[in-house]
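**Student:** The primary structure of each chain is shown beneath.
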Amino acid sequence: DVKVTQSSRYLVKRTGEKVFLECVQDMDHENMFWYRQDPGLGLRLIYFSYDVKMKEKGDIPEGYSVSREKKERFSLILESASTNQTSMYLCASSNTLVPQTQYFGPGTRLLVL
Amino acid sequence: KQEVTQIPAALSVPEGENLVLNCSFTDSAIYNLQWFRQDPGKGLTSLLLIQSSQREQTSGRLNASLDKSSGRSTLYIAASQPGDSATYLCAVSGGATNKLIFGTGTLLAVQP
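Here the protein sequences come in this chain order: A and S.
All residue numbers for the first sequence refer to the numbering used here, where the first residue is 1 and numbers rise by one.
All residue numbers for the second sequence refer to the numbering used here, where the first residue is 114 and numbers rise by one.
To be clear, the hints were calculated from the coordinates, so they are not data collected in a lab.
Accuracy of the hints is not assured; some may be wrong.
Label pairs and their in silico Cβ distance ranges [stated by the list, open to error]:
hint: 1; chain 1: S; residue 1: I120; chain 2: A; residue 2: L11; range: 19 to 27 Å
hint: 2; chain 1: A; residue 1: D26; chain 2: S; residue 2: I120; range: 20 to 28 Å
hint: 3; chain 1: A; residue 1: P61; chain 2: S; residue 2: N176; range: 35 to 43 Å
hint: 4; chain 1: S; residue 1: Q164; chain 2: A; residue 2: D59; range: 22 to 30 Å
Treat the numbers as computed from the prediction; the structure is a model and nothing was measured.
C-beta atoms are modelled at their ideal positions from N, C-alpha and C, and glycine is treated no differently.
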């Protein structure tokens, strides 16, 4: 079975802190994604990556950056956390471009105070 | 810009009922449509994926249909059980990338 893990289930940070969210997949998937999920807005794509050291902006990249130094790991970085970045963050991976199924991690619930 | 809508936002049914969840999308040029399940505080689990050339997919008590021309999909759950209680999300994939556009979900509660 595909396994996607995220470094933390719950995280509390202060405004202005630099925050790292880590995601690791164990199935040698090429594609990895970061989403945030907010009530009434659904899941929105922040960034995605099709290969090592490759990244593309999603629909809401402002205030975020990403890093993919190794194929299995995709990191989301909040350069200076703000309260409007309080959200549920979900990582996903997939192994083909189209058609495909994305496999999701359990999510990280981030609270920025 | 593709928009995905799910109605109703919440649904409560007694155990044993058959039910239908609805998903509509504005741009019919999709590659595929997926239905996901999300339990409270958890990630998403893929239930069914329908290719753009297909009309429906079945898995156990679940049946998903796709009508691309009208921009609609339904998820039919037969003989509902309390364990089916969760949020159900649909997502469409369009264009040459793997990007998914999600609806806001339907929160289903099956009462024992």
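**Student:** All hints, please: hold or fail.
**Tutor:** Hint-by-hint comparison with the structure:
no.: 1; hint: I120(S) x L11(A): 19 to 27 Å; verdict: violated (33 Å)
no.: 2; hint: D26(A) x I120(S): 20 to 28 Å; verdict: violated (37 Å)
no.: 3; hint: P61(A) x N176(S): 35 to 43 Å; verdict: holds (37 Å)
no.: 4; hint: Q164(S) x D59(A): 22 to 30 Å; verdict: holds (24 Å)
Violated hints, listed in ascending order, are 1 and 2; each of the other numbered hints is respected by the structure.
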